[in-house]
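Undergrad: Residue numbers (the working numbering), protein chains in the order written: chain A, 1 to 142; chain B, 143 to 562.
Think of the hints as simulated: they come from the structure by calculation, not from any bench. Be aware that one or more of the hints could be misleading.
Label pairs and their in silico Cβ distance ranges [as the list claims (entries may be wrong)]:
#1 T21/A to V479/B: 51 to 61 Å
#2 G52/A to M475/B: 46 to 56 Å
#3 E409/B to I55/A: 29 to 39 Å
#4 F112/A to A325/B: 38 to 48 Å
#5 K555/B to G52/A: 34 to 44 Å
#6 K53/A to S403/B: 23 to 33 Å
#7 T398/B to G52/A: 35 to 45 Å
#8 Q303/B to M18/A: 31 to 41 Å
#9 V479/B to T20/A: 49 to 59 Å
#10 E409/B to F112/A: 18 to 28 Å
Not everything, but these chain B residues come out facing chain A in the computed CB check (under 7 Å) [claimed, not checked]:
#11 Q150
#12 I158
#13 A161
#14 G372
Chain B stretches covered by chain A per the calculated footprint, using a threshold of three residues with CB under 8 Å from any CB of chain A [claimed, not checked]:
#15 151 to 157
#16 356 to 366
Note that the coordinates shown come from a computational prediction; the quantities given were computed from them, not determined experimentally. The beta carbon of each residue, even a glycine, is placed where N, CA and C say it ideally should be.
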Amino acid sequence: MRVMVMVKATKDSEAGLMPTTEMFEAMGKFNEELVKAGIMLNGDGLKPSSHGKRIAFDGASRTVIDGPFAETRELVAGFWIWEVKDMAEAVEWVKRCPNPMPGPSEIEIRPFYEMADFGEAVTPEIEERFQRLRDEVAGAKR
Amino acid sequence: MAASETHQAIEAVFRIERARLIAGLARLMRDVDRAEELAQDALVTALAEWPRSGVPQNPGAWLMTAAKRRAIDGFRRDKMLARKHAELGRDLEDAQDDGARRIEAAMDDDVGDELLGLIFTACHPVLSREARAALTLRLIGGLQTDEIARAFLSSEATIAQRIVRAKRTIADAGLAFEVPRGAERDARLASVLEVIYLIFNEGYAATAGDDLIRPALCAEAQRLGRILTGLMPDDSEVFGLLALMEIQASRLNARTAGDGSLVPLPEQNRARWDQLLIHRGLAALTRAQALGGGRGPYALQAALAACHARARRAEDTDWKMIAALYDALREVMPSPVVDLNRAIAHSMAFGPEAGLALVEEIANASALRHYAPVPAAKGDFLFRAGRRAEAKIEFERAATLSRNAPEKAFLLKRAAACEG
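This is chain A alone, in the form it adopts within the complex (with noise of 0.2 Å):
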């Protein structure tokens, strides 16, 4: 199964403090395991808050808020996808990670969707309006 394993913001990484050498190292050495045991797919690191922008959607209304936001710890300062077999699986290889920030901090797996999770839900018709739209799009572009 693949997984997103979200380092959440803190104070810290807001403020745009750069990690020690010793935690880069550290979290490179994390990064090597995670490539030897052939879990790891992607991974990088996020700017703060202050780089990013908010699309609101109300009906028919879009409204962009600037950055920084406030929520501090529900904010996502950097992520892996990870192929693991299990939920069990991603909780241990969490566990060795070193602490990515300098002060307390949290990390959250989300589990993505799978083809099979959608069931129904996902017609023919609806994949096959994808597909055009792609096509339209790519067609655009030459």
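Given chain A, work out where chain B should sit, using these hints.
TA: Just chain B now, with coordinates in the frame of chain A:
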């Protein structure tokens, strides 16, 4: 934490550590069977102790120490037994002392990266391809015998026997569980890559009605490929194989229709291709090429797969590039099937006459005389060249040779269309 949750956590830790544990133990004991037993014993010890003490800081090292202690106890017990019965000579006692001493000396060693040595041993050419695949899945993939049997559509007894024999062969050959060096390394690496790709293809060949463990073989092979790139970051063909598998696997969702039938590549819904896997595959291919291995057989096949992956629509496919890649592939991996694909690629790139000229050469080769795809391809070229009557004959011939009912029906439909 509930007891079952703790149990589950321990199982997960063990799954993460198992292959490395067995690798280290096999190297010490020079006995893969005993290594597996000791690893299992270590799990049993952990299941008894960790619920009370908690999972240790470094669970891998903890499990290794527990297993080594068991190994030493085993040597001592054997020695006592030998003394009691007094029927074994001093040689054996010495050997047992040696074994115990060797492990005592290694008691505090770190759990190193002996995994690569185990992979090379499980894929050793002294073993048959089937045995190599079964042993690799068992030792590195951690699959149970019955799972391997289901995956390979075989009986549990057959697979169990295959594994037992393979282990005996390894013991008899006195393999040291090491990574080979020099010239031997290349040949042995080829054998490792072959086994991983065999596992992948077994999963890729799975059809809708199959046990889910079969398609899961693709994921297992990809994981093995990813592990290998982590352990051998300078070997281009390792990246070539990974690139090939990632790109092929990106199409797994798009490959089957709702009724379980296979959807050919040009008709697949490309919106269902897994873009993350394509991205990873292309990155691995770039790495293989940067390492100077762009002309390796796996890298070339990956480059072919990449041509399709890059095309957003079937008609955007770069057939000239594909034709050139097949020209190169037949140099390093000559096979009639490659030649046939090359003819098809040339027909797409340069017109049906170009395809006809090439397929003529193959049709005369004996290996493919009764191979339906040859007349099918020839029929397609003739049809596109406007030579309908000749095309019809080829499609009918292909239908006669085909043993697959839907394929046969498809070919007859094409034959009938020649009359229009």
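Undergrad: Could you run down the list of hints and mark each one as holding or not?
TA: Hint check results:
| no. | hint | result |
| --- | --- | --- |
| 1 | T21/A to V479/B: 51 to 61 Å | 53 Å, holds |
| 2 | G52/A to M475/B: 46 to 56 Å | 49 Å, holds |
| 3 | E409/B to I55/A: 29 to 39 Å | 37 Å, holds |
| 4 | F112/A to A325/B: 38 to 48 Å | 44 Å, holds |
| 5 | K555/B to G52/A: 34 to 44 Å | 55 Å, violated |
| 6 | K53/A to S403/B: 23 to 33 Å | 45 Å, violated |
| 7 | T398/B to G52/A: 35 to 45 Å | 39 Å, holds |
| 8 | Q303/B to M18/A: 31 to 41 Å | 58 Å, violated |
| 9 | V479/B to T20/A: 49 to 59 Å | 56 Å, holds |
| 10 | E409/B to F112/A: 18 to 28 Å | 26 Å, holds |
| 11 | Q150 | 5 Å, holds |
| 12 | I158 | 6 Å, holds |
| 13 | A161 | 9 Å, violated |
| 14 | G372 | 4 Å, holds |
| 15 | 151 to 157 | holds (count 5) |
| 16 | 356 to 366 | holds (count 4) |
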